[in-house]
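Novice: We have chain P; now place chains R, B and S with the ligands onto it with these hints.
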Amino acid sequence: MRQITYAEALNEALHEEMERDEKVFILGEDVGRFWQGAFKVTKGLAEVFGNERVRDTPISESAIIGVAIGAAITGMRPVAEIMFGDLTTLAMDQIVNQAAKLRYMFGGQTKVPMVVRTPFGAGVSIAAHLSQSFEAWFMHVPGLKVVVPSTPYEAKGLLKTAIRDDNPIMFLEHKLLYPIKKEVPKEEYLIPFGKADIKREGKDVTIISTLFMVHKALAASEILANDGIDVEVVDPRTLLPLDKNALINSVKKTGRVVIVSEDCKTAGVGAEIAALIAEEALDYLDAPIIRVSEPDTPIPFSPILEQFVIPDERRISNAVKKVVH
Amino acid sequence: MRQITYAEALNEALHEEMERDEKVFILGEDVGRFWQGAFKVTKGLAEVFGNERVRDTPISESAIIGVAIGAAITGMRPVAEIMFGDLTTLAMDQIVNQAAKLRYMFGGQTKVPMVVRTPFGAGVSIAAHLSQSFEAWFMHVPGLKVVVPSTPYEAKGLLKTAIRDDNPIMFLEHKLLYPIKKEVPKEEYLIPFGKADIKREGKDVTIISTLFMVHKALAASEILANDGIDVEVVDPRTLLPLDKNALINSVKKTGRVVIVSEDCKTAGVGAEIAALIAEEALDYLDAPIIRVSEPDTPIPFSPILEQFVIPDERRISNAVKKVVH
Amino acid sequence: MLDKSRLLNIYRKMLEIRYFEEKVFELFGRNLIPGTIHLYTGQEAVAVGVCLALHPQDYITSTHRGHGHAIAKGARLDRIMAEILGKKTGYCKGKGGSMHIADFDVGMLGATAVVGSALPIASGAGLSIKLRGTSQVVACFFGDGASNQGTFHEGINMAAIWNLPVLFVCENNFYAMGTRQSSVMLIENIAERAVAYGIPGITVDGNDVLAVYEAALKAAKRAREGKGPTLLECRTYRQRGHSRFDAATYRPKEEVEAWLKKDPLKRFQAKIIDMGIIKMDEVYQIEQDVIKILEDAVIFAMESPFPEPAEALKDIYA
Amino acid sequence: MLDKSRLLNIYRKMLEIRYFEEKVFELFGRNLIPGTIHLYTGQEAVAVGVCLALHPQDYITSTHRGHGHAIAKGARLDRIMAEILGKKTGYCKGKGGSMHIADFDVGMLGATAVVGSALPIASGAGLSIKLRGTSQVVACFFGDGASNQGTFHEGINMAAIWNLPVLFVCENNFYAMGTRQSSVMLIENIAERAVAYGIPGITVDGNDVLAVYEAALKAAKRAREGKGPTLLECRTYRQRGHSRFDAATYRPKEEVEAWLKKDPLKRFQAKIIDMGIIKMDEVYQIEQDVIKILEDAVIFAMESPFPEPAEALKDIYA
Ligand SMILES: Cc1ncc(C[n+]2csc(CCOP(=O)(O)OP(=O)(O)O)c2C)c(N)n1
Ligand SMILES: Cc1ncc(C[n+]2csc(CCOP(=O)(O)OP(=O)(O)O)c2C)c(N)n1
Ligand SMILES: [Mg+2]
Ligand SMILES: [Mg+2]
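As given, the protein sequences belong to chains P, R, B and S, one line each in that order.
Here the first sequence stands for residues 27 to 351, numbered as in this note's numbering.
Here the second sequence stands for residues 27 to 351, numbered as in this note's numbering.
Here the third sequence stands for residues 1098 to 1415, numbered as in this note's numbering.
Here the fourth sequence stands for residues 1098 to 1415, numbered as in this note's numbering.
No lab work stands behind these hints, which were simulated from the structure alone.
Watch out, some of these pointers could steer you wrong.
[Unchecked claim] Computed list of chain R residues with no C-beta within reach of chain P, every gap over 10 Å:
1. GLU38
2. ASP47
3. LYS66
4. GLU78
5. LYS186
6. ARG190
7. ARG226
8. LYS278
9. ILE330
[Said to hold, decoys possible] Here chain B is said to cover these stretches of chain S; the calculated rule only asks that three of the stretch's residues, wherever they fall, bring their Cβ under 8 Å from a Cβ of chain B:
10. 1234–1247
11. 1278–1290
[Unchecked claim] Straight-line C-alpha distance at most 25 Å; calculated DSS-like pairs for lysine-lysine:
12. LYS270/R x LYS348/P
13. LYS1358/S x LYS1120/S
14. LYS49/P x LYS1227/B
15. LYS221/R x LYS1411/S
16. LYS1227/S x LYS137/R
17. LYS66/R x LYS212/R
18. LYS270/R x LYS1411/S
19. LYS1411/B x LYS221/P
20. LYS1227/S x LYS49/R
21. LYS348/R x LYS270/P
In this text the structure is predicted, and so the values were computed from the model without any measurement.
Just so it is clear, CB atoms sit at the ideal spot from N, CA and C, and this is done for glycine as well.
Chain P extracted, bound-state conformation (with noise of 0.2 Å):
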């Protein structure tokens, strides 16, 4: 099958809904024909679409995610770029307050078909204020979806599926997949919310893990194996709706767990993933659950603290060594 990069895979999906539904429209700091996205996602879009239809917008994080509401609710289906997933603080009652509850509020009288789609993640040295990570922050927002597809098959057959949802989703990608290549169908395909996919069998042990951190999670895997240890990696692919029985499910055979996340431990997105298991698995619990995260800092600049922070294999390995030992 041919191999596509996220970026590209992204790049398709918004094409071809934009195809698909003239009501689709990307607005966003410089999404459109002179820069096409931070990280190129929106690349060649205004060429084929117009800039009508991929607007360039001011430095307003809070009226991109306003506008983009106004035309939801209006009958049009937007695709907002915030440019870092850091900024979307500037928007958060947009999100929060707005975006997710006017459905809830009005009684049902309208819906909110809109998607904000934002990079997360650290690892390219560009310090506190551009790397952070916290899912966790919209998973505790119900009326929201949060979104958070790991490889380029994902991104496409993901975001095509938040286009077509009626609510308003937070499509959280990571600036480490963009480059990211890897095997995509030419034909037409949509992923499901609310369903995990297990991208690693195994018997022993189970990861679950987003993001960038599945494949981090997967190279721990592979080394893990010389040793004997058989891990199992789960990706729930969407946090919100989360694949609850996935997850029970592979606790149960395995009994032991570890949930690797780039976000800050506390509060962070394993936090809510092991309670679920405290709450609803214990039983089958062999070992405690071990989170692997970012400590509690900010994201430093030096390559040397910040690759100091981020998890990795080795920090994996070790966690996975401890549960089963």
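Specialist: Relative to the frame of chain P, chains R, B and S with the ligands by itself:
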């Protein structure tokens, strides 16, 4: 001992600290002499300390926090009030990217001694925009401290500590606590951060809860005592730093734990506490960890709906009975 | 000049709002309304004047002080009242309450309790109009206090650069809770802020419903012609406190009295009587009509059931 | 008129920034700098002109394009360079990098990577000055792009109503990444936005260091007298791409060439030579001096150790 309300206790703390240290000042919407704070916490302070030190601001939440930061890094000790906790969404960049990270990003060159006071919580029928609780978000932000006083005694002692602390403090109050009247010593006292308080000793089950839920947990405990269930109620008092030892010791003693918080369940305060226990005290658990919280919904307006989503004594009791049997 | 039937309609709408709000005040006093209320009393000319300049398919966005906007845009009194009482038959099934009235069927896109948050949303509705190629416009109501929010700046600027059909209607009632406009901005007329976005800014007497109407009509025409947004400042006054709990002692007595003399309803009534457009018995007839539909609305609302508790778990996702 | 030594100092500072940035560009090309860089080349007259109008104890806040601000305010080249290289001896111990240079000892309150976020922080420093009763002022640098952020509106308004001693210095280089100023605002001069806050707004040629200096001096004087903030727009141009990865092909060639002719450094050099203030050999001498301290700075930075990994866990709390 004399009794004063939670609002009065906060007011006394502000009064005393402003008297003690002229660097302390207050800013926020309608905190001044005309309104004296939406919940009257700043009552009388403008009269005593003048408009310069008790400053009414425009409706500009982001600038309220930003101005506090600028003052804090240049030698002042601001106490900012955000009228409703939900509105911190308008200032998240300033809170999360600036206040919490400046010290770190600048290699320790500065400190950011400021307090953000704001009320969370439902129960007064003012609907989805003004009734949320998302303490968990702030727990996920290294650099912040998160304070959650449940009684007038704690309100005063913790606020004084917060004002003297050299870090940015999210001081989270609860609307329904303001009128609660309880004993508060006249003599000066401080309450250290990171020290949980056992609000009720018991041996059968541990309830961990904060803010207004402490009172519901205590009420539920009395009912459960009649059924012969001896509940221990632990109030962490600060969520960041979190007194892990106190929580874990109580769990070790009782072997059973229910976490009660008023936020939405998914990725809430209960998630972090449950994950912590599943990681560090799994072997002591005799039953799954149950979280009692709001379901994953926005807060509805009509009292009959609102009361349905807020955790109550009945739901707390049921959860306790479930972990006991 | 407007014809008689439209003038009478203006009068009726303003009266509906006035009496509705006084009824809400009364019901609140009788403990029948949960939460809090922010009454529109005294500001009726703004909502009515602006909405008269709109077509049925046009949109509005509203605020915490939004009953008047909903009524002026054509929402039903009974269902607004039912919502305020937290009933199942309310516009939002009891989930929204006084601060979140919405009626999408009449183009009322809902009220927000986060001050200033509707400005970018209104711009978004304007963008949608442009992209869909209809001739609608959006009127976005907000207060003097809201004009200091970052969303004011971002929302209006975006509408300006894209020539979106939006009327940004600032209801300058000179106070945001207890905070005077003059203490939180150095300029006198909020409309001056239009300069920052290169769009027209107009200040009108917000207690003169015809002045508001004419300014709004001009702005709507401009918007429909693709010439972009207008910032329309209507200077008015809330005759009651900020919310039900506020005695508004921070306002000088003389100021309140001076504004009461400029009451928009009385002024308009006097005007149409003076002009010979309406006679006292017609005034009386309209009054009776309004009282009657309001009574029916109250009965409807009072007799409606509360929602089932489990309704709280619905409408989270589409 | 400024005396010779100050004029020479201006020249030296501008040259320090220019050469520093060219060195950063070179080191980045050699893969010695992690992350990205945003060079100040071409905008030197703004930082130098403004900081010349400030006292040592005054404050500045800075942006992602901040090396020049730090140098102009008196920060050391060697420690800035060490920070950019991620070294332990950098101003932030390697935790901040190019986008977060700070030197509190010289009143440089740090650079932010969140566009527009420093405006309210600068106002806060201004409030602190007022409350502490010192005669300091704050200069807040930001770009044309930043002026569309909500924080611009909120931050300036708050400084205005409280008469805070802040110079809001907008470096209008006509682009925010690939986005032209004219496509994201309808007005030509960003200084016009001052009208919205009732404060002075001044537009100057940002490539004329003396014009910048004079405007800043006037604004600083006003601020020190308790008369409040000024919005000072300096029209300038970045001679390179937005960041190291950007070839800036979105800019018309003629535009770039026209601006290169207005190069602030060459213009100032020509001026002081024409005026007879400085002779070519003095120019040469300054150049040699700057090259020397820059060489030393690079050696210092290159030879400095990287931080210990565990340094990542420090400085989170005071
Ligand atoms: C963003 C935000 N800040 C503060 C509040 C609390 N609050 C509710 S109404 C109000 C005053 C609003 O004033 P204005 O915009 O002038 O409208 P008015 O009440 O005069 O109609 C405030 C501060 C809020 N709801 N939202
Ligand atoms: C709030 C925010 N939005 C977007 C970005 C990404 N970004 C970094 S620099 C920049 C352009 C800034 O333009 P301007 O303010 O004019 O400054 P200049 O780069 O021209 O110096 C953008 C969009 C950011 N860092 N912060
Ligand atoms: Mg007002
Ligand atoms: Mg620029």
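Novice: None of the hints should be skipped; say for each whether it holds.
Specialist: Now for the hints, and whether the structure bears them out:
1. Every C-beta of chain P lies more than 10 Å from that of GLU38/R, the closest at about 31 Å, which supports listing it as non-interface.
2. For ASP47/R, the shortest C-beta to C-beta distance to chain P comes to about 28 Å, beyond the 10 Å cut-off, and the non-interface label holds.
3. Annotated as non-interface, LYS66/R keeps its C-beta farther than 10 Å from every C-beta of chain P; the closest such distance is 25 Å.
4. Interface exclusion of GLU78/R from chain P stands, the closest Cβ pair being 30 Å apart, more than 10 Å.
5. For LYS186/R, the condition that its CB be more than 10 Å from all CB atoms of chain P holds, with the nearest at approximately 25 Å.
6. At roughly 23 Å, the least C-beta separation between ARG190/R and chain P is larger than 10 Å, which holds for a residue marked as non-interface.
7. With a closest Cβ-Cβ approach of about 23 Å to chain P, ARG226/R is found to remain outside the 10 Å limit, as its non-interface label requires.
8. With 10 Å as the threshold on Cβ separation, the claim that LYS278/R sits away from chain P holds: the shortest Cβ distance comes to roughly 14 Å.
9. Listed as a non-interface residue, ILE330/R keeps its Cβ farther than 10 Å from every Cβ of chain P; the least gap is roughly 14 Å.
10. Only when three residues or more bring their CB closer than 8 Å to a CB of chain B does the claim for the region 1234–1247 of chain S stand; here the count is 3, and the claim holds.
11. With a threshold of 8 Å between beta carbons, the proposed coverage of the region 1278–1290 of chain S by chain B holds, since 7 of its residues qualify and at least three are required.
12. This hinted pair checks out: LYS270/R and LYS348/P have alpha carbons roughly 21 Å apart, not beyond 25 Å.
13. A distance of roughly 22 Å separates the Cα atoms of LYS1358/S and LYS1120/S; the hinted pair therefore holds under the 25 Å criterion.
14. For the hint linking LYS49/P to LYS1227/B, the alpha-carbon distance of about 12 Å falls within 25 Å, and the restraint holds.
15. Taken as a hint, the LYS221/R and LYS1411/S pair is honoured in the structure, with Cα atoms around 22 Å apart against an allowance of 25 Å.
16. In summary, the hint linking LYS1227/S to LYS137/R is supported, as the alpha carbons are separated by about 20 Å, within the 25 Å threshold.
17. Taken as a hint, the LYS66/R and LYS212/R pair is honoured in the structure, with Cα atoms around 20 Å apart against an allowance of 25 Å.
18. Under the criterion of a C-alpha separation no larger than 25 Å, the hint pairing LYS270/R with LYS1411/S is consistent with the structure, at around 21 Å.
19. At most 25 Å may separate the alpha-carbon atoms for a hinted pair to count; LYS1411/B and LYS221/P meet this at roughly 22 Å.
20. About 12 Å separates the Cα atoms of LYS1227/S and LYS49/R, which keeps this hinted pair within 25 Å; it holds.
21. The hinted pair formed by LYS348/R and LYS270/P meets the criterion: a straight-line CA distance of about 21 Å does not exceed 25 Å.
Of the numbered hints stated above, none is contradicted by the structure.
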